[in-house]
Every structure is written in structure tokens, then in C-alpha cells.
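Undergrad: Given the sequences, and given the hints that come with them, work out the whole structure.
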Amino acid sequence: MSTEKLFSVFQAKAESMSAQVHRVGTYAAAGELIAAKVKELKAEKVHLFPSPQLEKTNCRATLAGTGVKISEKLDRAELDVTDVGINFVPYAVAETGSIFHPEENPLGRMVTMLPPTHIAIVPTSKILPTVADALVTVVADYGKVPGYMSFISGPSRTADIERVLTIGVHGPSRLIVILVDEGMEK
Amino acid sequence: MSNQEKNQDFKASIQKALQDQVMRGALSRFADAYPTARKNAYQGVDIEALRGEIACSKAKNGDDLDQLIKMFTENATKRGAKVYFAKTADDANRYIANLAVDRGVKRIVKSKSMASEEIHLNDHLKKAGMIVNETDLGEWIIQLAGQKPSHMVMPAIHLSKEQVAGYFSKEMKSDIPPDIPLMVQKARVELRTKFIEADMGISGANMAVAETGSIATVTNEGNARLTTTLPRIHVALVGIEKIIRNMQEAANIIKALPKSATGQLITSYVTFVTGVTPTEVDGQVQDKELHIVLMDNGRSDMLKDPEFKQAWQCIRCASCLNVCPAYQMVGGHVYGHIYAGGIGAILTFFFNDPEDAEKPQNLCLGCGRCTEVCPGKIPIPDLILKMRRRMAEKNGLKMIPKAIFSVVANRKLMHSLLRVASIGQFPLTGGKPYIRHLPFFFSELTKERSLPAVAPQPFRDFAKEHEKKNTGKKKRVNFYGGCLIDFCYPHIGKAVYEVLEHAGCEVYFPWEQACCGAPAKYMGDGETQIRLAKQNVAAMEEGNPDYIVSACPTCTVALLEDIVDVLKEEPQWHERAKKVAAKVRDFSDLVAELGVKTGKKSKPLARKKFTYHDSCHYRRHLHLSDIPRKLLTEVAGMDLIEMKDCDQCCGMAGSYLVKFPEISAPILQKKLDNITATGAEMVCVDCPGCVMQIAGGLDKKRSSVQVKHTAEILAESLRKG
Numbered sequence: 001m002s003t004e005k006l007f008s009v010f011q012a013k014a015e016s017m018s019a020q021v022h023r024v025g026t027y028a029a030a031g032e033l034i035a036a037k038v039k040e041l042k043a044e045k046v047h048l049f050p051s052p053q054l055e056k057t058n059c060r061a062t063l064a065g066t067g068v069k070i071s072e073k074l075d076r077a078e079l080d081v082t083d084v085g086i087n088f089v090p091y092a093v094a095e096t097g098s099i100f101h102p103e104e105n106p107l108g109r110m111v112t113m114l115p116p117t118h119i120a121i122v123p124t125s126k127i128l129p130t131v132a133d134a135l136v137t138v139v140a141d142y143g144k145v146p147g148y149m150s151f152i153s154g155p156s157r158t159a160d161i162e163r164v165l166t167i168g169v170h171g172p173s174r175l176i177v178i179l180v181d182e183g184m185e186k
Numbered sequence: 187m188s189n190q191e192k193n194q195d196f197k198a199s200i201q202k203a204l205q206d207q208v209m210r211g212a213l214s215r216f217a218d219a220y221p222t223a224r225k226n227a228y229q230g231v232d233i234e235a236l237r238g239e240i241a242c243s244k245a246k247n248g249d250d251l252d253q254l255i256k257m258f259t260e261n262a263t264k265r266g267a268k269v270y271f272a273k274t275a276d277d278a279n280r281y282i283a284n285l286a287v288d289r290g291v292k293r294i295v296k297s298k299s300m301a302s303e304e305i306h307l308n309d310h311l312k313k314a315g316m317i318v319n320e321t322d323l324g325e326w327i328i329q330l331a332g333q334k335p336s337h338m339v340m341p342a343i344h345l346s347k348e349q350v351a352g353y354f355s356k357e358m359k360s361d362i363p364p365d366i367p368l369m370v371q372k373a374r375v376e377l378r379t380k381f382i383e384a385d386m387g388i389s390g391a392n393m394a395v396a397e398t399g400s401i402a403t404v405t406n407e408g409n410a411r412l413t414t415t416l417p418r419i420h421v422a423l424v425g426i427e428k429i430i431r432n433m434q435e436a437a438n439i440i441k442a443l444p445k446s447a448t449g450q451l452i453t454s455y456v457t458f459v460t461g462v463t464p465t466e467v468d469g470q471v472q473d474k475e476l477h478i479v480l481m482d483n484g485r486s487d488m489l490k491d492p493e494f495k496q497a498w499q500c501i502r503c504a505s506c507l508n509v510c511p512a513y514q515m516v517g518g519h520v521y522g523h524i525y526a527g528g529i530g531a532i533l534t535f536f537f538n539d540p541e542d543a544e545k546p547q548n549l550c551l552g553c554g555r556c557t558e559v560c561p562g563k564i565p566i567p568d569l570i571l572k573m574r575r576r577m578a579e580k581n582g583l584k585m586i587p588k589a590i591f592s593v594v595a596n597r598k599l600m601h602s603l604l605r606v607a608s609i610g611q612f613p614l615t616g617g618k619p620y621i622r623h624l625p626f627f628f629s630e631l632t633k634e635r636s637l638p639a640v641a642p643q644p645f646r647d648f649a650k651e652h653e654k655k656n657t658g659k660k661k662r663v664n665f666y667g668g669c670l671i672d673f674c675y676p677h678i679g680k681a682v683y684e685v686l687e688h689a690g691c692e693v694y695f696p697w698e699q700a701c702c703g704a705p706a707k708y709m710g711d712g713e714t715q716i717r718l719a720k721q722n723v724a725a726m727e728e729g730n731p732d733y734i735v736s737a738c739p740t741c742t743v744a745l746l747e748d749i750v751d752v753l754k755e756e757p758q759w760h761e762r763a764k765k766v767a768a769k770v771r772d773f774s775d776l777v778a779e780l781g782v783k784t785g786k787k788s789k790p791l792a793r794k795k796f797t798y799h800d801s802c803h804y805r806r807h808l809h810l811s812d813i814p815r816k817l818l819t820e821v822a823g824m825d826l827i828e829m830k831d832c833d834q835c836c837g838m839a840g841s842y843l844v845k846f847p848e849i850s851a852p853i854l855q856k857k858l859d860n861i862t863a864t865g866a867e868m869v870c871v872d873c874p875g876c877v878m879q880i881a882g883g884l885d886k887k888r889s890s891v892q893v894k895h896t897a898e899i900l901a902e903s904l905r906k907g
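Residue numbers (this note's numbering), protein chains in the order written: chain A, 1 to 186; chain B, 187 to 907.
Everything labelled a hint here was simulated from the structure, so no lab data went into it.
Heads up, the beta-carbon is just placed ideally off N, CA and C, and yes, glycines get one too.
Mixed in with the good hints there might be a few duds.
What the hints assert, rightly or not - The list that follows gives simulated cross-link-like pairs (lysine-lysine, DSS-like), each with its CA atoms no further than 30 angstroms apart: (1) B:K380 <-> A:K73; (2) B:K372 <-> A:K45; (3) B:K372 <-> A:K69; (4) A:K144 <-> B:K264; (5) B:K372 <-> A:K39; (6) A:K144 <-> B:K246; (7) B:K256 <-> A:K144; (8) B:K372 <-> A:K42; (9) A:K144 <-> B:K268; (10) A:K45 <-> B:K380; (11) A:K73 <-> B:K292; (12) B:K720 <-> B:K769; (13) B:K356 <-> B:K202; (14) A:K73 <-> B:K372; (15) B:K225 <-> A:K5.
Said to hold, decoys possible - Facing chain B, according to a computed beta carbon distance under 7 angstroms, are these residues of chain A, among others: (16) P106; (17) R109; (18) M149; (19) F151; (20) G154; (21) T166; (22) V169.
TA: Pasting the structure below:
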């Protein structure tokens with residue numbers, strides 16, 4: 001399947017599960033978009049999980065421009081009251097509209113779990129066709145099954161009271177996926 | 187408790203469930219939405235291939251269980267997990283409670299685990315002094331309410347938002363309004379603190395992958411991720427049936443489980459934990475402790491039992507409950523123990539106590555809708571029958587069925603009793619062909635439906651007279667009448683004769699034919715079934731026919747499959763049964779094959795609007811649903827208007843309406859509503875049992891909709907004007 005086809009399937013499926021999907025050309029553009037989203041959400045505190053890809057977005061600078069408080073401290077109490085968690089997620093899956101997040105670092109996991117909004121930067125070139133493909137690829141790339149890995153599809157949800165779908169229980173109520181084309185083979 | 191008291195208890199719990207409008211409403215809304223949601227979720231997936239793969243690999247995993255347990259244990263241990271094998275519920279409870287005490291644990295958060303419900307783990311932990319909080323919203327509500335889950339996937343489906351608000355107000359000591367988003371938000375805040383403070387997280391697992399030593403959870407709320415990430419100790423309680431070989435199998439289960447469970451493409455989170463990972467303790471990074479408790483608790487007994495090993499293929503999606511007509515009426519609590527529905531009765535039989543399964547297993551209508559959707563392709567109703575037979579062998583049949591079956595099995599006695607009944611009933615029918623009122627203990631049966639009167643002349647008398655004109659020069663059909671056509675609906679039998687003769691056959695009625703054995707089978711009376719099978723094999727061999735035809739799908743299945751199955755221990759009878767079975771055909775199926783033509787310009791029933799009800803055995807055992815639809819539209823020229831849930835049981839289900847008239851009645855009501863909603867003037871079926879149930883229901887409502895067996899329509903269309 002071509003990248004364009006994978007993208008369009010991913011987008012349709014992810015949006016059907018209430019994820020927000022954006023696509024930008026460069027990491028720098030992703031940095032601008034992160035700041036714009038944070039501003040739009042009127043967030044006061046954001047929590048980053050540093051990674052080389054996140055640095056490429058230059059989001060510390062763009063976020064500083066919004067006046068938001070930035071932290072990257074491993075502290076569950078602080079993470080519990082932050083507004084937005086931001087990280088890099090290395091894969092996505094078209095068939096299910098999921099982002100696929102192998103991560104052993106506790107901060108890397110907590111930024112995706114505790115805040116009410118999760119913003120994930122994902123390379124467009126790493127949209128894989130199926131869950132089965134993702135499970136094979138991750139082992140090939142990491143040399144073993146990572147200690148903790150999750151398929152994340154849309155925000156946290158429940159229908160446990162009267163079967164009424166309600167978004168945002170224990171995990172984020174908002175999932176924003178920013179796909180970055182940079183580094184894609186033409 | 188005496189058996190009679192148990193029975194009263196059980197019947198009382200059914201009454202309570204039936205009167206629970208909140209639960210009935212929620213279950214019915216979900217049941218209405220589920221088939222479409224499931225279908226949409228599976229769009230683009232070859233579901234039959236997927237079911238085949240899952241059933242096959244799960245069965246293979248069962249065969250290789252010892253090897254897979256060893257492999258899982260080794261691989262998980264290599265990654266730093268401590269794996270404990272718990273043979274019994276006590277072993278599992280003791281291990282986890284001791285661990286908590288030993289590590290100085292005070293606060294425990296739990297994500298959803300049916301295995302922990304099964305062994306009442308929370309009670310044990312509380313006794314050991316722990317504060318335990320369920321964190322799945324449904325499970326937490328159930329915990330606050332002091333109840334048990336009523337559905338494997340949706341534990342609190344039986345509660346209203348007002349009831350939930352009541353439990354929340356009490357727990358949070360403030361007035362919480364019954365506003366669902368607000369209550370969800372309150373739960374988030376309340377439970378978040380508990381996550382942050384917990385020293386131990388206990389999760390279940392949907393899969394345990396042997397090749398990698400990983401456990402996986404398939405969840406929506408995000409509580410399982412917090413449970414497996416924040417506390418310094420993680421305990422996963424895993425039933426050994428969750429062990430699969432590799433990640434390919436995991437991918438298949440991920441593909442099926444959310445779609446089958448709730449009609450979701452995928453759940454919000456699918457999480458794999460492989461060995462020890464770090465967490466944060468007081469701002470410092472520290473490796474977690476991971477304990478995996480592999481629990482048997484009756485599972486390997488189930489697997490080793492050749493009659494029940496297929497139940498191993500269950501992936502706990504509960505789609506069988508989602509389509510079960512009986513479950514939709516009564517919900518999960520009447521099933522007694524933890525696991526609900528037909529599969530629940532089987533699991534309870536092995537995991538808990540066979541006695542606890544005895545009453546609930548009777549709730550199965552045997553309609554087979556569950557088997558059609560099960561990702562593990564488990565023939566749940568067949569397993570229920572095996573269980574029933576085992577119980578009957580152990581405990582003996584109850585007095586009343588025993589007496590009934592000794593009559594049913596004695597053809598002469600049965601038939602003379604029915605003849606007597608045809609005279610004795612006239613005061614009841616008031617000259618009409620339905621019994622509207624029955625005295626005393628039968629009264630429940632006629633509350634929602636009228637029962638057909640026994641015909642003054644049984645079909646067999648007509649048949650004997652009729653076959654005198656046979657020439658012996660055409661194709662010979664031996665007709666198997668079955669009780670209902672013989673004694674209540676001779677006109678259906680006559681229609682069968684007309685149509686088959688039109689198709690170039692001569693029809694005979696072997697006199698010694700007896701009950702097909704299905705009622706005995708459904709009661710677990712194997713002995714009677716064998717006796718009847720022999721009698722019918724001998725009877726139907728008469729005159730070496732070309733075909734043996736029945737117009738009742740239950741009888742057809744009995745003659746096609748059961749007579750061969752029950753006689754397999756006696757080689758000579760087995761051979762004879764196989765030869766008979768090879769000639770057995772359903773009426774409509776044979777007619778379609780031989781072909782009939784009306785040969786008239788105007789068809790008497792042309793353009794009449796009809797709807798078609800798929801009888802359970804007809805659709806799911808014989809797989810013939812398309813054939814009568816084709817005959818009715820093409821030969822009779824009628825117009826088909828499909829009803830909603832055309833394949834859902836009418837509530838007749840053999841003796842079900844005798845055992846559970848209170849459940850059969852609302853199931854029938856749904857069927858009648860769906861029929862009426864089409865606006866058709868006629869409902870056609872291929873089963874005299876369904877004719878009886880549906881016609882009875884329509885008569886009671888004084889409806890003008892007619893019920894016709896396909897044979898009647900064809901006969902009318904072919905009759906010369």
C-alpha cells in the first residue's frame with residue numbers, strides 16, 4: 001500500500017474513533033502546530049518526554065512563546081495536574097487508526113496516560129498496514145519485544161453506565177496525532 | 187438447600203430479572219444495536235477465515251498446553267517476571283495475599299479481571315488488611331453496590347444512571363446528580379488519587395504470549411495502563427486458557443475481540459507488558475516487581491474432557507451473550523456464579539461447582555445463534571446438552587420428565603393418549619382449533635399464546651388410507667411426520683403429500699415411526715434417545731425408499747445426525763442408521779431440487795406480501811434459509827418483506843415453553859412485534875414448532891396475520907383451480 005493510501009486509511013479510522021489527525025511537512029511545522037494546539041486548549045502546564053525527534057520540532061521555543069509552563073520531570077503528582085503530555089511515537093497502524101507506542105521509560109509512558117490531552121508526533125513514513133505488521137516490525141527494530149508497548153486508538157472511553165459512550169475516563173480525553181512527512185522517501 | 191428450594195430460588199431470580207425494567211431496557215437497546223455494530227466493525231475482514239484461524243490455534247494451544255506453560259514461564263522469567271502456577275483458587279488467593287503482606291502493601295488498585303471475580307480475590311485481600319479498589323468504571327460501580335458483574339465485558343449493564351448516582355453519592359458523601367459525563371468525571375478524580383497512592387496493581391490478561399513471555403490487556407478506559415505502570419508491584423492474574431503461542435495469534439485475537447465484544451474496530455488501548463519495566467517511586471526511577479499468577483482452577487479438567495475441550499477456544503468476548511435471546515430477557519445474575527450465559531454455565535461447571543451450573547444451563551434455548559458468532563467457533567448449545575446428559579446420568583431425571591418420556595418412548599401408549607386428548611379437550615377449545623385456556627398448572631402456558639388442539643384424525647390415519655392408491659412405480663418417499671404434524675397439524679402433512687406427488691413422487695407413511703428423540707435429547711435422557719433411534723431406523727427403512735422426508739427441521743436434524751450419533755456404540759445399528767440418514771431430506775430442499783411448476787397463468791397467491799421466520803434448526807443446522815425464500819417468491823410469486831432479526835428464536839425451542847414459559851413469552855412477543863412491523867399479511871416458516879408458537883401468539887393477540895408452513899403455500903399454488 002502506498003504511503004498516501006496508508007495515510008488516508010489511518011486518518012479515516014483514527015477520526016472515526018475521535019482522534020484528531022494533522023499532517024505537516026516538517027518537524028519545525030510540527031513544533032508550530034504543537035504550540036498552536038496548546039494555545040487553543042488554553043493549557044497552563046505541559047509535560048514533555050524529551051527525545052531527539054521532539055527536539056527537532058523545536059517545541060520548547062514555540063511553546064515558550066505561548067507562556068505555558070513546561071516540565072519534563074518524572075513526578076507523578078506533577079504529571080497528574082498537568083494539562084498536556086507531548087511525546088514522539090514511532091509507529092502508527094492504518095487498519096485500526098492506532099498509534100503504536102513501545103516505551104519502557106516511565107516518563108515516556110506517563111505523558112501518554114495521565115494528562116487530559118496527549119499530543120503525539122508520529123512519522124508519516126511509519127504508518128504500517130496492520131497490527132500484525134506492527135508486532136513484527138517492532139521486534140525487528142528493537143531486537144526484542146519492548147517491555148511495555150501499547151496500541152492507542154483515540155481517547156480513553158467508557159460506556160459502562162447505561163451503554164452511553166463517554167470520552168475521557170482514566171486516560172486522556174483528547175488525542176492529537178501530528179504526522180510528519182519529513183524524512184519520507186519520495 | 188433442597189432441590190425444590192433451589193428451584194424456587196432460581197425461578198424467583200428469573201421473576202426478579204424479568205421485572206427489572208432498567209436492565210431489560212439496557213439489554214434490549216444493546217442487543218438491538220449490536221448486530222449492526224459488529225457487522226460494521228468487521229467490514230473488510232474475512233470473518234469466517236479469522237474464526238477458523240482462532241478456533242484452530244486455540245485448540246492447538248490446548249493440545250500443547252504443558253509445553254506452552256513451560257515456554258511462557260521461561261521467557262517471562264528471563265525478562266525478570268516471577269511466574270507462579272496456581273493449581274486452585276486457594277493457591278492463587280494465598281499467593282497474592284501473602285505477597286501483599288510480605289511487601290508491606292496497604293493500597294491496591296485493580297483493573298478488570300474476571301479470573302479475580304471467579305476466585306473472590308478482593309475478599310481475601312481485604313481479610314489480609316488491604317484496601318482494594320476496582321478501577322474499571324463498571325467494576326467499581328459493582329464494588330460500591332456490593333454486587334456481582336452481570337456481563338463479562340459490561341459488568342454494570344443492569345444498573346441505571348440513577349442507581350449509579352445513588353452509589354456515588356454515598357461513596358463520595360455528596361449529592362451526585364445522575365448526569366453520566368459528570369459521574370464519569372467524578373470517578374476519574376476519585377480513582378486518580380487511588381492510582382497515584384497504590385503500592386500494588388492487580389490486572390487480568392486477555393492473552394499471555396508464550397514465545398515472548400508477554401501479557402496483554404485489551405481495554406478502553408486506560409485504567410489497566412495506570413494499574414500496570416504506576417504502582418511498584420504489578421500482579422497479573424491469568425487463567426491458563428489465555429496462553430497463546432505467538433504474536434501472530436495475538437494479532438488475530440486483537441482483530442476479533444473488540445469487534446465481537448462491543449462492535450468496536452479496536453479498543454482504545456491494547457497493551458503488552460513483557461517482563462520488568464521501571465516506574466517512578468518518590469521521584470526516582472525504580473524497577474517494578476512483576477508477578478504473573480497462572481491459574482488453573484478447573485481449566486485443565488475442562489480441557490482434558492473430550493466432550494468439553496472446545497470450551498477452551500473461548501476468548502471471553504461475550505458475543506454469545508450479546509445475541510442470546512434468553513440472556514437478553516434475564517441478564518447475567520440469574521446464572522448464579524460469575525460467568526453468565528451458556529458459556530458461563532459451562533465455565534461454572536468446571537471452575538466452580540457442577541451443582542451451580544445445573545439450573546442456569548436450562549436457560550439455553552438451543553437456538554445456536556451464539557455458535558454463529560463465536561470467534562472460537564464453540565458449539566455452545568451442544569456442550570450444554572452434553573452437560574445436561576451428564577447431570578441426568580448422575581442425578582437421574584426429575585420425576586415428571588421421566589414419566590413423560592416413558593410415555594413418549596412408548597409409541598402405542600403415546601398415540602392412544604393423544605387420541606384420547608383429542609376428544610377430552612373440546613371443552614377447552616370451545617370448538618375452535620386452539621386451546622385458549624388450560625386448567626391449573628398448565629395455565630402459564632396459555633397466558634401468552636394459544637395452544638393448538640389435537641386433531642380429531644391424526645395424519646397417520648389419512649396417510650394410510652391415501653397410500654392405497656400408490657402404484658409403486660415412481661420415486662418412493664417415506665414421510666416422517668413428527669408429533670406436531672401427525673397429531674396437531676395434519677393439514678401440513680397433507681400439503682407435503684400434494685407437493686411431493688406433484689414433483690413426481692409417491693409418499694408412504696411408515697407406521698412404526700415414533701418421536702424423533704429430540705425432546706429426550708434436550709432433557710438429557712440418552713437412554714430414551716437410543717430406544718427411539720432404533721425404532722425410527724427400523725421404521726424408515728421400510729420399502730427401501732429413495733428419500734426420507736420430514737417437514738420439521740428438529741426431526742430432520744434428529745434423523746440426519748442424532749440417530750447416527752447415539753447408535754455409534756452398536757456397529758450393526760450404526761450402519762443401518764447411516765444408511766437411513768443418507769436418504770433424509772428436508773421437504774423444501776427436496777422440492778427445490780426436484781422442481782415444481784405451477785403451470786397456471788395466474789398464481790392464487792401472487793403478489794401477496796409475506797415475511798419469513800428462520801427456524802433455529804433450519805437455519806443453523808440445515809443451512810437452508812435461502813431455499814424456501816426462493817420457492818415462496820418464485821413458485822408462489824409472493825413478495826418477501828424481511829423482518830428485523832428474522833433469525834432470532836421464536837421462544838418455542840422444543841420444551842422451553844414448558845420449562846420457562848415466563849421467558850419464552852417475552853421472546854415470542856419480540857418476534858410478534860417484528861412480524862407485525864413488516865405489514866405483511868402472512869408469515870411463512872418451515873417448522874411446525876414455530877408454527878405452533880407464532881400462530882398461538884398471533885391468535886392470542888387476535889391478529890389477522892396468518893402463519894403458514896412453506897408446504898401449505900406451495901400446495902395452494904400448485905393446486906388446479
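Undergrad: For every hint, state whether the structure bears it out.
TA: Now the hints, each set against the structure:
1. B:K380 <-> A:K73: Between K380 of chain B and K73 of chain A the Cα gap is close to 21 angstroms, so the pair holds against 30 angstroms.
2. B:K372 <-> A:K45: holds (22 angstroms)
3. B:K372 <-> A:K69: Distance of about 26 angstroms is within 30 angstroms: holds.
4. A:K144 <-> B:K264: holds (12 angstroms)
5. B:K372 <-> A:K39: holds (26 angstroms)
6. A:K144 <-> B:K246: OK: K144 of chain A and K246 of chain B at ~25 angstroms, within 30 angstroms.
7. B:K256 <-> A:K144: holds (20 angstroms)
8. B:K372 <-> A:K42: Within the cut-off at roughly 22 angstroms; holds.
9. A:K144 <-> B:K268: Holds. K144 of chain A to K268 of chain B sits at ~19 angstroms (cutoff 30 angstroms).
10. A:K45 <-> B:K380: holds (23 angstroms)
11. A:K73 <-> B:K292: Holds - the C-alpha atoms of K292 of chain B and K73 of chain A are around 27 angstroms apart, at most 30 angstroms.
12. B:K720 <-> B:K769: holds (16 angstroms)
13. B:K356 <-> B:K202: holds (25 angstroms)
14. A:K73 <-> B:K372: Within the cut-off at roughly 27 angstroms; holds.
15. B:K225 <-> A:K5: Measuring from Cα to Cα gives roughly 23 angstroms; hence the hint holds.
16. P106: Holds. Min distance 5 angstroms.
17. R109: holds (5 angstroms)
18. M149: Hint holds; M149 of chain A Cβ to chain B Cβ min 5 angstroms, cut 7 angstroms.
19. F151: holds (4 angstroms)
20. G154: Where the cut-off is 7 angstroms and the nearest Cβ of chain B is about 6 angstroms from G154 of chain A, the hint holds.
21. T166: holds (5 angstroms)
22. V169: Holds, about 4 angstroms.
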